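Asker: Spelled out from the first residue to the last, the chains are:
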Amino acid sequence: MNQVIWVVLLPFVGSVVCLLAHRKAVFALGMAASLGTLIVSVGLVAHVWEHASARVELGGWATPLGIALHLDGLSALFLLLTAVVGVLVGIQAGSYFAQSPELRAMGSRFWPLWLLLWGGLNGVYLCSDVFNAYVLLEISTLAAVGLTILSGSTASLVAGLRYLLAAMFGSFMYLLGVALIYAGTGQLDFLLLSRGVTPQVHTLTAFGLMVFGLLIKSALLPFHFWLPPAHSSAPAPVSAVLSALVVKASFFLLLKIWFVVFESISGGTPGGMPSQLLGILGSLAVFWGSFQAVRQSRLKLLIAYSTVGQLGYLFLIFPILASPDFQGHEALAWGGTIFHLFSHGLAKASLFLAAGCLLQAMGTDDLHAMRDIAGRLPVITFSLGVAGVSLMGLPPSAGFVAKWMLLRAVLASGQWWWAPVIVLGGLLTAAYVFKILAHTFVPSEGEALRLNSVPLVMTLVPLALAILCVLMGFRADEVIALLPAVPHFGTGKNGWEMP
Amino acid sequence: MTFWLPLIVLFSSLVTGLVIFMLPEERSRLRTTLNMLGASVKVAGVFLMAWGLLAHDVVYEVRFTMGFGFDFLLKVDLLSLAFVSLSSNLWFLTTLYAVGYLEGSPNRSRFFGFFSLCVTASTGVALAGNLITFFIFYEFLTLVTYPLVVHRGTPKALEAGRTYLWHAVTAGAVLFLAVVWLQVLSGPFDFVPGGALHAVENLSGTDLKVIFALLIIGLGVKSALVPLHGWLPTAMIAPAPVTALLHAVAVVKAGAFGVMRVIFDVYGKDFAADLGLLSPLALVVVVTILFGSVRALMQRELKRRLAYSTVSQISYIVLGAVVLGPLATVGGLVHLVHQGIMKITLFFCAGILSEFLGIYRIDQMDGVGRKMPVTMALFSIAALGMIGVPPVAGFVSKWHLAQGGIQGGQEWVVAVLVVSSLLNAAYFLPILHACWFKPAAMDFEGTNTQRGTFSKWWEAPWTLMLPTLATALFSLAAGVFAGWEWSPLGVAEKIARGRDGGLP
Amino acid sequence: MSTFSIYSLAAILLVGLGVYGLFTRQHLLRKVMALNVIAGGIFLLLISTAYRNQDLFPDPVPQAMVLTGIVVAISATGFALALVRSIHRRMAESETDPSQDSWDQP
Numbered sequence: 000m001n002q003v004i005w006v007v008l009l010p011f012v013g014s015v016v017c018l019l020a021h022r023k024a025v026f027a028l029g030m031a032a033s034l035g036t037l038i039v040s041v042g043l044v045a046h047v048w049e050h051a052s053a054r055v056e057l058g059g060w061a062t063p064l065g066i067a068l069h070l071d072g073l074s075a076l077f078l079l080l081t082a083v084v085g086v087l088v089g090i091q092a093g094s095y096f097a098q099s100p101e102l103r104a105m106g107s108r109f110w111p112l113w114l115l116l117w118g119g120l121n122g123v124y125l126c127s128d129v130f131n132a133y134v135l136l137e138i139s140t141l142a143a144v145g146l147t148i149l150s151g152s153t154a155s156l157v158a159g160l161r162y163l164l165a166a167m168f169g170s171f172m173y174l175l176g177v178a179l180i181y182a183g184t185g186q187l188d189f190l191l192l193s194r195g196v197t198p199q200v201h202t203l204t205a206f207g208l209m210v211f212g213l214l215i216k217s218a219l220l221p222f223h224f225w226l227p228p229a230h231s232s233a234p235a236p237v238s239a240v241l242s243a244l245v246v247k248a249s250f251f252l253l254l255k256i257w258f259v260v261f262e263s264i265s266g267g268t269p270g271g272m273p274s275q276l277l278g279i280l281g282s283l284a285v286f287w288g289s290f291q292a293v294r295q296s297r298l299k300l301l302i303a304y305s306t307v308g309q310l311g312y313l314f315l316i317f318p319i320l321a322s323p324d325f326q327g328h329e330a331l332a333w334g335g336t337i338f339h340l341f342s343h344g345l346a347k348a349s350l351f352l353a354a355g356c357l358l359q360a361m362g363t364d365d366l367h368a369m370r371d372i373a374g375r376l377p378v379i380t381f382s383l384g385v386a387g388v389s390l391m392g393l394p395p396s397a398g399f400v401a402k403w404m405l406l407r408a409v410l411a412s413g414q415w416w417w418a419p420v421i422v423l424g425g426l427l428t429a430a431y432v433f434k435i436l437a438h439t440f441v442p443s444e445g446e447a448l449r450l451n452s453v454p455l456v457m458t459l460v461p462l463a464l465a466i467l468c469v470l471m472g473f474r475a476d477e478v479i480a481l482l483p484a485v486p487h488f489g490t491g492k493n494g495w496e497m498p
Numbered sequence: 000m001t002f003w004l005p006l007i008v009l010f011s012s013l014v015t016g017l018v019i020f021m022l023p024e025e026r027s028r029l030r031t032t033l034n035m036l037g038a039s040v041k042v043a044g045v046f047l048m049a050w051g052l053l054a055h056d057v058v059y060e061v062r063f064t065m066g067f068g069f070d071f072l073l074k075v076d077l078l079s080l081a082f083v084s085l086s087s088n089l090w091f092l093t094t095l096y097a098v099g100y101l102e103g104s105p106n107r108s109r110f111f112g113f114f115s116l117c118v119t120a121s122t123g124v125a126l127a128g129n130l131i132t133f134f135i136f137y138e139f140l141t142l143v144t145y146p147l148v149v150h151r152g153t154p155k156a157l158e159a160g161r162t163y164l165w166h167a168v169t170a171g172a173v174l175f176l177a178v179v180w181l182q183v184l185s186g187p188f189d190f191v192p193g194g195a196l197h198a199v200e201n202l203s204g205t206d207l208k209v210i211f212a213l214l215i216i217g218l219g220v221k222s223a224l225v226p227l228h229g230w231l232p233t234a235m236i237a238p239a240p241v242t243a244l245l246h247a248v249a250v251v252k253a254g255a256f257g258v259m260r261v262i263f264d265v266y267g268k269d270f271a272a273d274l275g276l277l278s279p280l281a282l283v284v285v286v287t288i289l290f291g292s293v294r295a296l297m298q299r300e301l302k303r304r305l306a307y308s309t310v311s312q313i314s315y316i317v318l319g320a321v322v323l324g325p326l327a328t329v330g331g332l333v334h335l336v337h338q339g340i341m342k343i344t345l346f347f348c349a350g351i352l353s354e355f356l357g358i359y360r361i362d363q364m365d366g367v368g369r370k371m372p373v374t375m376a377l378f379s380i381a382a383l384g385m386i387g388v389p390p391v392a393g394f395v396s397k398w399h400l401a402q403g404g405i406q407g408g409q410e411w412v413v414a415v416l417v418v419s420s421l422l423n424a425a426y427f428l429p430i431l432h433a434c435w436f437k438p439a440a441m442d443f444e445g446t447n448t449q450r451g452t453f454s455k456w457w458e459a460p461w462t463l464m465l466p467t468l469a470t471a472l473f474s475l476a477a478g479v480f481a482g483w484e485w486s487p488l489g490v491a492e493k494i495a496r497g498r499d500g501g502l503p
Numbered sequence: 000m001s002t003f004s005i006y007s008l009a010a011i012l013l014v015g016l017g018v019y020g021l022f023t024r025q026h027l028l029r030k031v032m033a034l035n036v037i038a039g040g041i042f043l044l045l046i047s048t049a050y051r052n053q054d055l056f057p058d059p060v061p062q063a064m065v066l067t068g069i070v071v072a073i074s075a076t077g078f079a080l081a082l083v084r085s086i087h088r089r090m091a092e093s094e095t096d097p098s099q100d101s102w103d104q105p
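Protein chains in written order, with numbering that gives the first Met the number 0: chain H, 0 to 498; chain W, 0 to 503; chain V, 0 to 105.
Calculated from the structure, these hints are not laboratory results.
The structure displayed is predicted, hence computed values, not measured ones.
Each statement offered as a hint is correct.
Selected chain W positions facing chain H (in silico; Cβ < 7 Å):
id, residue
1, 66
2, 157
3, 164
4, 168
Every residue gets a Cβ at the ideal spot worked out from N, C-alpha and C, and that includes glycine.
Chain H with its partners taken away, still in its complex shape (with noise of 0.2 Å):
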């Protein structure tokens, strides 16, 4: 069970080597770490498959001075999306930054930071206190916003910072929130805090303080503002990685502290009110970002805002979970948002990629300009039209498999009303997805728009991304066998005991 340590150290170790590297190597050492990384990350979720959770003190020293790592079937999952995406984006980027002298030298910058955001995002999602994430959380967000301003455009500059300001913002009072919780518990563990949390004022608000900076963290309505400018101003690999990925991470985590830590205060009575209010914002945000999409005349700012929308279909599992007459239906819940998360994840990363290859062909990212396309680049109309079928949630797709457990899970809850926002974000995804490929079928006026040659790999890369987001729609049974391992809620047993 050692390798653990190798899915953070890995990356981490790659990003100093390509730091150092002469620019000519960085991709084949990057790309050897992403692939090291990928073939470690499986090898965790067979581990996982096969014994369930483990848990790794590093050093053999003991918490609270060791830094303990623990795995178990979510943890795998988050690892496996990563890696994929991760992979694939790496891919594109080769070819992606190879294409002239200033992408090159961008290219050089990408791969360092890339790899450390890639090790902080798997830390995050291994660690096992509430400190160390606070640490991999932000080494995450820096890396983050180095690739938002790696282009080094005036606008890339200040969507950066903003996005810097809000994230540090978040950081800090989720930090106050742990500061809090040590002063008054004396822990930092997940587990040990799990334990001794207990519903008193200081508890309460380091609570709502750490869920506060997760939620800006997350890009949840209305703390979504620092996200669009940020997705749609980086080149198209990073924001392929910052949408599927970097905002999950902290959702990640605001699910281990919702479910895990503050177990016993989110799912009493207390845990009514707050989980219905994220269940209201997710809403909103489906809504308000879905339709802010819709209005959008530039392909890449669309496909920020629809993250903004699709991110709002995961807060719909705290209400569904804080439902009293929910139980046996827990892994319903839990299978439709990983679900979701995953088939977003693979959906947006490919719609962004293939974003990235039609503002390379047409020199713009103008709704308008882009007639005739479904002719000409056959192949990447196919993958905008593939990821957009698995958004809108409709079949053959992962993301018709995600709609479809969460209504069941919804209508099973008993909360009926939560079943229109998914039935009409449905609808307002389509409503923006078929505005994009309605765009492409229009013949082109006069003389048609000049394109420039895009490399096979980037129209490739994906549509293999698009390819498996619908494959997945056909393999639910994996995903939902290692979901057990994920808590539950008032057992606190299956994989959170202590070994």
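Following the hints, position chains W and V against chain H.
Answerer: This is chains W and V only, laid out in the frame that chain H set:
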């Protein structure tokens, strides 16, 4: 083989479609070969399945379990066999027609790719063994028909596409809600002849009624029940082969087929009648039949008149499902096939007229029968069939529907059929009169140069004439040989017997 | 009033000040400084907990946390300052009227 055959039937068009997407535009010969190969494999596969099922009682079933009661299930029963043989045969013919029709036009790879996917979807709809699988293919159908509707890319086509999409996607969302809700209440179930729900305990009647309403709304958009029919007349902007396919086998039929599945195999006709669900639906159906016919009467464009005629005729199928007498079930089932072959003939002819003579409006059709006697003869056969003149297929359907009405003590059905047939006659007979007996309104000699002239018998390329001829002859044969055991009527009787047991 | 209460109150005051500054000040430098004031408050709270529950020896864990926290905060601040500077330079290059832009208000 019982596992692979349904998959082969499904994949024959799916793979063809995906390969065609990747073909460069100019490889038209290879594309046609692939298309026809896929279509032939599908027809052969369906034939094999039919033979296995009917002669040897083989059960064809494919099931993937995805967890949480989410089963992907393809299962061949007589009802699905009827629909899948209709769609596979007509796909074969329509592909041939489309090859000729679109010759030389741009974006054909895209067109034929989606065309194949469209048939894949309707095959899936036919073979689906439970509501979830049905829903998957039903929504897939929406997605792949949209590019066909907007194929021309003109503002009008895009507008029609948008109308279609909004109707279909909204309906899909309603259907999704209904399907999931039903599964939450009843647990997973497959289609069972005679209905699956009456066996499930602890279901409240109110819930079932609301879900039924949602299901019918979701399916009613595609089957063009008034007032959800708005998209159908605008969608006729699509190229003729697409309209033909939409009206005869794909979209509209999928909706009607879904209504049948819901009434026959989910609720069960008796159970639905006990819940009081059929009478309101019957009212909607009657309104649709009459409204469609009246609107058709008011149209001056040929394709729009045909489109409104579809609105009316499709509801005959649903009528067969809501009228209690078992003979009406037979009438509805057989009309599923009969309407398909007759309507596709009419649209094929309309396509030939517009493509080679530039005729779009009905007032341009005066005397066209002398210019294109073969085409118009085929048109006349199908039109007479639609009216219900014996011995063409339409008569058989209407006869059984009326009989079923009398059998179930619902004599109003006869009245509705008489009025509707009069209206059908009122909008088809003037066309026939004009094209055969009136003097030519326009100088056809000047207009037929669009695609060059053809010999006396081939008024258009053989790829267009042959499918039209075939479907017209089918419509005639289905009526003349209705008494044969394996005619559409014979199969419909078998299906009805297997379901209701009310037939002698 | 115990020492710990004094420290905590001071910490809360600092955090409140910082939050107020972050939302009311337009100038980017002041925003970055406000964030640092918040951080200062949090570190004060953390370090004060080190002495609270111990009789003889201070708890080492909060000290480790504060040290780590300071490192993180400093890197983030440095990064933010570098960003502010390059934005400012860009604005000057493109000759936009500084008084028109909220980023450059004094």
